[in-house]
Structure formats: C-alpha cells, structure tokens
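**Q** In order, the protein sequences belong to chains B and C.
Numbered per our numbering, the first sequence spans residues 30 to 144.
Numbered per our numbering, the second sequence spans residues 708 to 821.
I should point out that these hints are in silico values taken from the structure, not numbers from a laboratory.
Each computed DSBU-like pair below joins lysine-lysine, with the alpha-carbon atoms no more than 30 Å apart: (1) C:Lys764 x B:Lys100; (2) B:Lys131 x C:Lys777; (3) B:Lys67 x B:Lys97; (4) C:Lys790 x B:Lys67; (5) B:Lys131 x C:Lys790; (6) B:Lys83 x B:Lys100; (7) B:Lys34 x C:Lys716; (8) B:Lys100 x B:Lys66; (9) B:Lys131 x B:Lys83; (10) C:Lys764 x B:Lys34; (11) C:Lys790 x B:Lys34; (12) C:Lys764 x C:Lys790; (13) B:Lys97 x B:Lys66; (14) C:Lys777 x C:Lys721; (15) C:Lys716 x B:Lys131; (16) C:Lys778 x B:Lys67; (17) B:Lys66 x C:Lys716; (18) B:Lys67 x C:Lys764; (19) C:Lys777 x B:Lys67; (20) B:Lys131 x C:Lys764; (21) B:Lys66 x C:Lys764; (22) C:Lys764 x B:Lys97; (23) C:Lys764 x C:Lys778; (24) B:Lys67 x B:Lys131; (25) B:Lys67 x B:Lys34; (26) B:Lys67 x C:Lys716; (27) C:Lys721 x C:Lys790; (28) B:Lys67 x B:Lys85; (29) B:Lys66 x C:Lys778; (30) B:Lys97 x B:Lys131; (31) B:Lys100 x B:Lys85; (32) C:Lys764 x C:Lys716; (33) B:Lys131 x B:Lys66; (34) B:Lys131 x C:Lys778; (35) B:Lys100 x B:Lys34.
Single-letter residue listing:
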Amino acid sequence: DQQVKQNSPSLSVQEGRISILNCDYTNSMFDYFLWYKKYPAEGPTFLISISSIKDKNEDGRFTVFLNKSAKHLSLHIVPSQPGDSAVYFCAASTAGGTSYGKLTFGQGTILTVHP
Amino acid sequence: DGGITQSPKYLFRKEGQNVTLSCEQNLNHDAMYWYRQDPGQGLRLIYYSQIVNDFQKGDIAEGYSVSREKKESFPLTVTSAQKNPTAFYLCASSTSRRGNQPQHFGDGTRLSIL
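Construct the complete structure from the given sequences, taking the supplied hints into account.
**A** Below, the structure written as structure tokens:
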C-alpha cells in the first residue's frame, strides 16, 4: 500500500521557469511533510518541510504548499536552475503515536532543468 | 564539521555471509534510522532507534539486525537470511524522536552480491 505517491516519474523545465513537483498521500494521520533532493550515489539532502497546521512554507526559491482536504502537497522552485537537476522525494510522518519519526517516502521525481 | 558518516561506500557480500554497515553521527541526535533504496523506488525503513539501547523494527526488518550501544553509532548487519540484499543503504538521524524535525542522511553504502 503506497501511502505517499509521486505520480510523475520525471519533469523537464527550462532554466528560469517554475518547477512544480507534486505529491499525494492517503494516510490522514500524517502531520509533517518534507521534501528532499538527491543526487546519484549520495544521501538525500533536506530542502524544506511543512507542518499540517500550515498551508504554505517558503525558503528562498523553494515553496511548499499543503492542501490537507485533497491530501496533496507540492514543491515550487522559482526560478529553476540547472543545478536543481536531481531526484526529488516527498516524505511524510506522524509526530506522535507509535510511529515516532518514521518517514514514509514517495518514489521520487527526476527533475531536469535545461539551460 | 558535524554530520553522518557511513562506511564503507561500497560493500560486496558472498552467499551465506553476514556483513555490517557502519553509521556514525556527531550531531548529538537521539534518533537514528536505517533505510533501503531500490532502483526506481523510494526509501523504505528497516530499523529505527529513538534512544541508546532501544530500537524498533521498521517496515522491512526481516534479514537485518541492529544495535545501539552508543548514542553516536547505529550499525546495521545484513544477515544471510536477507535473500535480496543488493540495494543502496542510507542511515539518518534526527534531533526529534517525535518525527516533527527533519532527518539528515549520510551518503549511503551500496551493497552488492558476489
């Protein structure tokens, strides 16, 4: 049962334009969401997170939007740069209960930013 | 520099052999995690530990074992019972045991079968 899904395996964007990466989840108990960026043969690097009490969080060029009713989150990168080319994973967790700190990951989206 | 160190970067296992992957952190984090990544898939949780001398099974613990004797160390043993061990293994740590802070990852160990 895939509780976190990234339905687009890949996304191609021109430099300077907006990149929008999407993620859907099914578990209504998730209350903390994160985006990670990953290069081949390296560990994921944390980008940005959002708590379920918010619907938007910004950090520089990166903005995460959360729509709890639709169980959907998205990552916007503006403007996109060639160095942003990587695999992006969304992840979710439940802060509390018996699943302390466990992250559930999506399958990843490969972002390619063309010069 | 604070961080998470995984070693070795590449590891080869023979049939019937147990191998141990090292994970060390100097971030003073309480919680530590082991994930496995297979091609085209997201990361899946193998084991996690919220405090020294305590650890819990994740979603795919069969064929693996861990220990947490020191706060900074969380080694993972891939036993011969793990029939499909070829994967990229990632260790992570976090300040929060409650899951409301990011996890930070090492650079991984790639395990292959000889």
